[in-house]
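In short: position in the first sequence from 1, add 13, done, that's our numbering.
One or more of the hints may lead you astray.
Stated by the list, open to error - In the EDC-like style, the derived pairs of lysine to aspartate or glutamate whose C-alpha atoms are separated by at most 20 Å in a straight line are:
id	residue 1	residue 2
1	67	115
2	67	43
3	61	149
4	63	149
5	61	116
6	136	115
7	127	149
8	127	243
9	63	115
10	63	102
11	67	53
12	136	81
13	67	157
14	127	81
To be verified - With beta-carbon atoms standing in for the labels, derived distance ranges:
id	residue 1	residue 2	range
15	156	125	37 to 43 Å
16	215	38	23 to 29 Å
17	152	256	28 to 34 Å
18	57	211	49 to 55 Å
Quick caveat, the hints were computed from the structure, so don't treat them as lab data.
Please read all numbers here as calculations on a predicted model, not as lab measurements.
All C-beta atoms, glycine included, are put in the ideal place defined by N, C-alpha and C.
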Amino acid sequence: MPELPDVEGFRRALMSCGGRRCVTDIEVRDNGVLRGGVTEERLRGQLKGKRLGKAWRHGKWLFVPTVDGPTLVCHFGMTGSLRCCALDEPIAAHDRIVLTLDDTRTLRYRDQRKLQGVQLADKNAVDRLLEGLGPDAAGVQRTEFRELLSARRGAIKSALMDQSVIAGLGNLLCDEILWRARIHPRTPARDLSEADLRHLHTAMGRVLDTAVRTGRVPPRRSWLTGRRDDSEPVCPRCGTLLCSSRVAGRRTAWCPQCQS
DNA sequence: ATAAAGTCCTGAAAGC
DNA sequence: TGCTTTCAGGACTTTA
Numbered sequence: 014m015p016e017l018p019d020v021e022g023f024r025r026a027l028m029s030c031g032g033r034r035c036v037t038d039i040e041v042r043d044n045g046v047l048r049g050g051v052t053e054e055r056l057r058g059q060l061k062g063k064r065l066g067k068a069w070r071h072g073k074w075l076f077v078p079t080v081d082g083p084t085l086v087c088h089f090g091m092t093g094s095l096r097c098c099a100l101d102e103p104i105a106a107h108d109r110i111v112l113t114l115d116d117t118r119t120l121r122y123r124d125q126r127k128l129q130g131v132q133l134a135d136k137n138a139v140d141r142l143l144e145g146l147g148p149d150a151a152g153v154q155r156t157e158f159r160e161l162l163s164a165r166r167g168a169i170k171s172a173l174m175d176q177s178v179i180a181g182l183g184n185l186l187c188d189e190i191l192w193r194a195r196i197h198p199r200t201p202a203r204d205l206s207e208a209d210l211r212h213l214h215t216a217m218g219r220v221l222d223t224a225v226r227t228g229r230v231p232p233r234r235s236w237l238t239g240r241r242d243d244s245e246p247v248c249p250r251c252g253t254l255l256c257s258s259r260v261a262g263r264r265t266a267w268c269p270q271c272q273s
């Protein structure tokens with residue numbers, strides 16, 4: 014689930030319920046989600062009593078700074094989420110970390126598979142993390158977009174998925190964007206025309222706009238994403254049976270009619 | 001049992 | 001030839 018729009022949704026959830034509040038307790042229920050060498054003790058020691066600042070996002074990473082303390086850094090892998098819960102809401106099976114805020118509510122890092130997790134970072138560690146990432150997909154302008162992609166010889170889908178090129182796009186979003194721009198996912202990026210790249214950039218902007226507002230890639234029937242899990246998925250635009258195979262190591266759906 | 005929206009690592013091929 | 005870029009595949013993990 015968690016691609017850029019989902020993480021933006023988590024950020025908003027956090028700010029609406031946890032913004033500017035004090036961490037009054039921390040419970041690590043499964044230390045399998047602790048990353049970057051953080052231990053439960055260090056997490057408690059460095060977060061307890063701290064006030065949360067304004068959370069921000071870059072790509073699929075969420076950064077939650079504390080006032081006069083380290084930044085809590087979250088990545089959600091494929092199944093993670095962040096949710097704000099009442100104190101008395103029963104603990105779910107996959108609530109891995111529970112932060113109590115102002116003794117009045119809890120912020121929970123929930124994750125079924127523990128592919129990623131949370132860590133603490135100082136300014137330098139945050140900078141190092143960002144160094145490995147391209148610009149956030151939601152803010153890439155057309156010229157920069159073209160510069161980032163036009164020289165790459167690999168498949169356009171691989172390039173879009175590569176977080177060091179553009180940060181935030183995942184498997185579903187990439188397929189959705191390529192479908193909208195009518196570009197085959199295996200097309201070598203450098204073979205794309207100026208017009209192709211323009212269409213791709215426009216499609217990315219529109220898809221992200223809608224998805225960020227929704228807080229996820231919307232499962233609409235008019236979108237490719239809303240069809241890909243059908244038993245006989247067809248293109249929402251032309252009705253052709255969709256193709257499906259692996260590109261860039263991931264399950265990829267496209268329309269053989271629209272995306273030549 | 002297979003596959004899944006995430007990333008990281010390795011080894012090897014491709015390209016300059 | 002040698003360096004860089006890119007890809008495939010496996011690993012991580014849990015459950016439908």
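Exercise. If you check each hint against the structure, which ones fail?
Worked result: Structure breaks hints 2, 3, 4, 6, 7, 8, 10, 11, 13, 14, 16.
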